[in-house]
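Below, each chain spelled out in residue letters.
Protein chains: 4
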Amino acid sequence: MTSRITSSMFSSEDMLNVFSDGATVQRMLDVEAALARADAQHGVIPASAVQAIVGCCDAALIDMPSLMKAARLAGNRAIPLVRQLTELVAARDAEAAKYVHWGATSQDIIDTGLVLQLREALRLIDADLGKLAGALADLAGQHRHTPMAGRTWMQHALPITFGLKIAGWLDALLRHGERLDELRRRILALQFGGAAGTLASLGDKGAAVAEELARDLALALPDTPWHAHGDRFTEAACTMGMLTGTLGKMARDISLLMQTEVAEVFEPIAAGRGGSSTMPHKRNPVGCATVLTAATRVPALVSTMLSAMVQEHERALGGWQAEWDTLPEIMRLASGALEQMHAVISGLTIDTARMQRNLDATHGLLMAEAVTLALGGRLGRMQAHQMVEHACDQAGSTGTHLGDVLKKDATIRAELSEADIDRLLDPAGYTGEAESFIERVLHAHRAREAGKQ
Amino acid sequence: MTSRITSSMFSSEDMLNVFSDGATVQRMLDVEAALARADAQHGVIPASAVQAIVGCCDAALIDMPSLMKAARLAGNRAIPLVRQLTELVAARDAEAAKYVHWGATSQDIIDTGLVLQLREALRLIDADLGKLAGALADLAGQHRHTPMAGRTWMQHALPITFGLKIAGWLDALLRHGERLDELRRRILALQFGGAAGTLASLGDKGAAVAEELARDLALALPDTPWHAHGDRFTEAACTMGMLTGTLGKMARDISLLMQTEVAEVFEPIAAGRGGSSTMPHKRNPVGCATVLTAATRVPALVSTMLSAMVQEHERALGGWQAEWDTLPEIMRLASGALEQMHAVISGLTIDTARMQRNLDATHGLLMAEAVTLALGGRLGRMQAHQMVEHACDQAGSTGTHLGDVLKKDATIRAELSEADIDRLLDPAGYTGEAESFIERVLHAHRAREAGKQ
Amino acid sequence: MTSRITSSMFSSEDMLNVFSDGATVQRMLDVEAALARADAQHGVIPASAVQAIVGCCDAALIDMPSLMKAARLAGNRAIPLVRQLTELVAARDAEAAKYVHWGATSQDIIDTGLVLQLREALRLIDADLGKLAGALADLAGQHRHTPMAGRTWMQHALPITFGLKIAGWLDALLRHGERLDELRRRILALQFGGAAGTLASLGDKGAAVAEELARDLALALPDTPWHAHGDRFTEAACTMGMLTGTLGKMARDISLLMQTEVAEVFEPIAAGRGGSSTMPHKRNPVGCATVLTAATRVPALVSTMLSAMVQEHERALGGWQAEWDTLPEIMRLASGALEQMHAVISGLTIDTARMQRNLDATHGLLMAEAVTLALGGRLGRMQAHQMVEHACDQAGSTGTHLGDVLKKDATIRAELSEADIDRLLDPAGYTGEAESFIERVLHAHRAREAGKQ
Amino acid sequence: MTSRITSSMFSSEDMLNVFSDGATVQRMLDVEAALARADAQHGVIPASAVQAIVGCCDAALIDMPSLMKAARLAGNRAIPLVRQLTELVAARDAEAAKYVHWGATSQDIIDTGLVLQLREALRLIDADLGKLAGALADLAGQHRHTPMAGRTWMQHALPITFGLKIAGWLDALLRHGERLDELRRRILALQFGGAAGTLASLGDKGAAVAEELARDLALALPDTPWHAHGDRFTEAACTMGMLTGTLGKMARDISLLMQTEVAEVFEPIAAGRGGSSTMPHKRNPVGCATVLTAATRVPALVSTMLSAMVQEHERALGGWQAEWDTLPEIMRLASGALEQMHAVISGLTIDTARMQRNLDATHGLLMAEAVTLALGGRLGRMQAHQMVEHACDQAGSTGTHLGDVLKKDATIRAELSEADIDRLLDPAGYTGEAESFIERVLHAHRAREAGKQ
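Chains as they are written, first to last, in the numbering used here: chain C, 1 to 453; chain G, 1001 to 1453; chain Y, 2001 to 2453; chain H, 3001 to 3453.
Bear in mind the hints are in silico, worked out from the structure with no lab data behind them.
Keep in mind that this is a model prediction, so the values were computed, not measured.
Think of the CB as a built atom: it goes at the ideal place given N, C-alpha and C, for glycine as much as any other residue.
One should not assume that every hint holds.
Rough simulated footprint, nothing fancy, chain H against chain C, three-plus residues with beta-carbon under 8 Å [unchecked claim]:
1. 7–21
2. 153–160
3. 249–258
Partial chain H-side listing against chain G, Cβ under 10 Å, derived [as the list claims (entries may be wrong)]:
4. Thr3006
5. Glu3013
6. Ala3060
7. Leu3061
8. Ala3289
9. Glu3312
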């Protein structure tokens, strides 16, 4: 048994279900059932065989422990599954049992079964992405005028608004939405080629059966079987990798803002959530931790998918098999990260007063650029930079407010009045295009939502 | 100095040039020049300053060793570059020097400069991809009827045609072409936000300057600055990773076919190419080795880009900087792999007689499926499978041709005549839909080429 | 539920058991039990509390589904486990329940529990490594004089012996054995620091309790708690990564030798093993495929462990949690690869006649170096190289044996007699130090085995 | 040209020199020179040839651009180097030129050359590691009594001392020192096997020449050539990966402590270091950024080395070549990280007053565990936990000091006096074994230093 206590912590429940043992087998049996129908429709197998075969394509009928054991010897799970299925059908209709799995080979069942699982998985991801984007859009709108410190290199840089930070997150998620749309066009495709990709075992009915099979499963019919080409599955991995990266960036930002000394935002509180076994006062960023765990693990799993693309000839040795656990794990981790981030965002506690207080923490140093630029227009950028750098050093070393230092400097006062200096040092007056950027992102979000309907 | 002897072996010359020191600095200076024009156009800086600034935006004027040294201390290469540029401008026009880099910050210059490099890089990749696809289309057409062994698990499985193998490669490349088209829409975008992404330093002219800057550089204007969101650059990495994976698969296939005992295809011969320092008879797959080197290295580099997406706040500590060498290295490796694969394919020596001889190597075992299916239609799949498996064992252990074993088996002969058996054992008669698959892929290729014009 | 059908295919049964849910919880409870004993021994908790606590430290008493659910909310599995344990103890002895988990924190239990699992895991690995090394030593000894083609760049290069190839594998495994010995000294160490690594919660008894706890669990006592330093766990990952790399190299070699056209060695046959669902003649390298799957997946998992080392302060956000599934998966994959490789090696079918036949396949070209060197001693290396290169080209293009070409070349015949040429072209006479290398490796193997006793 | 502006930012100067083009070629020529001496010593080549060959083994004589160009065609840099060397020797002594590179093959020169570079690289690493450990030992000693907040999940947890944090870093570095010692025993080994690893080209002198070559180069003589086994080089990569991980952890800690709101430690100030192009007040953690860049990039590079271990037969296609740029890049990044971390640590500005102030920031919540444990001894751990959790909630929501809340709680006051509560809430009194842990680590450090002399 694999370590399920731990791994189940990092996935959504729904995604655990999509890739459960039962679901994996059921999706393979769905392909077998559709194959029987397609074979019969084109006279490859007798119509009379369909009912018995389709009736047995039920994961509940499969002896799972025996399947697992046989899979290890056989090298894949399709061979023993077909064997069990054939026996089940034979018990109902010995004649029908002759036509199980007709014209297909292991990879057709495994790969197309995985495509069916991915269809469900991507639906979940898309729905959760939509929910998260909606929550972010609400928050960005609410905080379009909330000033906070912009931080570069993990140091205060210049004021921004909290809405702008959120709009940046949302903008990235909108791009992931686009990528998901594009991905679906390539990944939701039938894999059906028989043992070596020619469908030779179906005589002159190969193309017709393939077309019907794709129609039955509501998948695209590709120009040629693609089993030994990992790019379709790998694109799903890459897209999830990028999505998880963005979620990781959000979790990093939020967990930094939750630090004891910063304390600007907090994950929602819930019973049993985020407590410590020994420190009752802790409010741990449990949701962010799950997201960051995914963001730490998924990149390497994506590289496995990319490495595994170097597949030998018509079926690979190692490259194909490496996909089997890797892609589901990526989907589980991405789904868990999305779900947790939605929980975090939709219940986020925001302390705007603290944001303001933190803005003032450096006694005006945060506004140095505004002063530099105002002076730069008169004295040149380099000289202004040096003068303000000097004033900042003085303010920093003496604990004086930057405004006071500036006001005492004769050269500066020749260019700027006290009122000019006060105005230049007000964070709220120095957020530039933040609001217009937010509006543009919100507009793009509404356009995308409208396009979905 | 970094180890250029080695690394230059794995890139195309053109891509080395796109990411050379000189080009990197020049693209950053291109952004500075366009910024000066845009600033002046909207009255942010005096029009009189433009000529001096633009005139100095020439990498040939930059002291590179001093730039490198200062970059290490400063933590990025934009800071010392702006310093040198300002000094250069000051020497021509002291007043103009005040307006260098006005309103921008390091990441605007570095990120947008990298976008400009990527535009050139993707042009090279796209052109090379087109050439390789063309060469493959020609080859697939020529070999649509050339039978060869289909190989699964690195064992003979069933006959395919060489054209089908090539069509599979081409089909994957067509998908990469689609992905490149989609990628360009997101990556060829301006990054311009000033120190914290608000453009506050431009007062009320931020939006206008940004729009003009995008227009001047012929880049898309994004809804909001995206500096701390690595998904755009990472998508370029992922797309190159998938492309390199497909090229690696091709190189693996070709190098397997070049093995001494297989000897079906060979890389082209050229002076100084693929020889051994001690074994004069060797004809090493040097092109494939370069491609496989890229396919071994790029997946991990992609994971670096994904890991680096977890960036702190408005500018990251480590995540941003990790992109700088990684993405160029990915582009270099991908370009080198593409170039080498084109050289391999366009000069490939193909021994169709050897392909035929190898098909016969297993004394008919390769055709077992054809017999199994023919019998399966009469006796049921499982029983037919067992009977043919038994016949194969006999043929294998006694060194007899499968046809002879089958012809001596009374149960089988009750179902199949000698002529039936001979027909079933002919590889050329068992390539299924190979030809129609090839035609579909060639059609898609022609459609794509037509769409480009 | 995670996808166990698939993942269980790639692990040994024993390793699945070491990292099962039940075992994971049991090892954590083992630490809790030892902690109660150590606490009591130093008077931190009453001696009377020990029996009830220790008696409840039994995974069979734990409600696993409820544990899994609570773990997700809590952010780790120790918090809900301690809660359940406390309730179990309270039901027996309310007073004792006050002293459960005394002085420890979640990471002490999780990390030390994982160390205990690794102790068992490394024992299994070590035993399997010993068995594999033994099988290889036998085989290397048996084939010390069996000539085969040495292959570089996947082309015939020069003759080697099969024993030499095996000795190379064995030599690498011996180095892994050394690394395992060194690793154990660092990884089999107690992690015990309390909430922030000071053991403050134990007052002045911290050092004494830690010492006793280490003694009880038979682990080394480290100089300081190491929870936020991932290097110990990561070293286990790296060592397994290197081991898996060597096993992957062996599997690559063997699968290449098993190719239909090469056919020099074969994996053992077993019922249900390596068959194809549609091609009865196939004998797939199923064992090698499992090993190559591990070799494709483990490198990326190791990089996750390395990435996860960047842990924040006294307990990390993401970095720690990323270890939980990753390290067990590495152990499972490494153990499965080892087990499968042992099965492959200990039942390997070897066709020495085919090895000899393949040696002759290039009509003497393989022996070109021998001739080059013989001539080089008289004519200089470069000239000899060119002459033999020319002769090889002639032999290759005309299908003539290299010996015949050489014997007709007057310049060469001025230096070498016909007998000289025949002797130089005999593979068995050109295996250099192969035998002495084999002997040295076998000697090192025997020394290591002797040292273990 | 590769992008040297950027990559040179992340390496130490010394390591750039070890892996420069010139040094790479020189180390290969060092092997050629030693080979000529060893060949001559055992009569394989005439003694008269040695002087001319050795005299030409000077990288300054090599035409590098031509070498780079030829390397791309040849597939490695040894072939064209041997060609140039032979021409150089021929110009001096035509007879001697016949004996250049006698008995060796490309990989002997490339791999052993790389081993020689690694010897220098590991010397640098070891020296820098020693310096960093020394600086940490000093700092740990100075701050053995400096209380600071221990932080878990990026939240205040319990008090620790700054010395304890440093001792944790130092303890990890000491383990890396051990690993380096163990690594050197395996990596500083000759690779010498000729074209297929048999040394057949040396007739019966192979063993003797190999022994002399190892002696001449002061490398260990391995039991068998190891060219196709990547574990030796990969172990160097893994060891550097772990070291870089620890340095990354240190940089993460320090950069978190440098945040504007935390402000407990600061990187040293230097001219041109860590400034911003537009914000004169910034004091960016430039050193930490370099270290974190390395920690982001190296894990993936290590996985490349591990992936590349799956090498075919006696010389690989892709796996070998993938090492060439990867291992040097790892060494460069590790060295740069070490150097920067030493600069950071040796000039670290520490604000102990601020540490104390931050400890008080949560109004006593940080000390909740101390109270919980004191109460737990009387009321049981679970009940005490709940009571203190409740008090913390009250303190947090009302902004009251935890002490005041506790003192007003009758149940608690039944167990603890006001003085008890005050004592329990003093951080300095709750650092447990911190000091003894520090002493043990310092002792281990001194022992290691003593052992080196």
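Right, here's what the structure says about each hint:
Check on the stretch 7–21 of chain C: 0 of its residues sit with their Cβ under 8 Å from a Cβ of chain H, so the three-residue criterion for coverage is violated. Counting residues of the stretch 153–160 of chain C whose CB falls under 8 Å from any CB of chain H gives 6; the rule of at least 3 is met. Judged by the Cβ-Cβ criterion of 8 Å, the stretch 249–258 of chain C is covered by chain H as claimed, because 3 of its residues qualify and three suffice. Residue-level restraint check for Thr3006 of chain H holds (minimum Cβ-Cβ distance to chain G is 4 Å; threshold 10 Å).
Look at Glu3013 of chain H: its Cβ gets to within about 9 Å of chain G, closer than 10 Å, so that hint holds up. The beta carbon of Ala3060 of chain H is not positioned within 10 Å of any beta carbon in chain G (closest approach about 15 Å), and the interface hint is therefore violated. Nearest Cβ of chain G to the Cβ of Leu3061 of chain H: about 15 Å, over the 10 Å cut. The hint is violated. Proximity of Ala3289 of chain H to chain G holds as hinted, the smallest CB-CB distance being about 5 Å (cut-off 10 Å).
Here the hint on Glu3312 of chain H is kept, as its CB sits about 9 Å from the closest CB of chain G, short of 10 Å.
Checked against the numbered hints above, the structure violates hints 1, 6 and 7; every other hint is satisfied.
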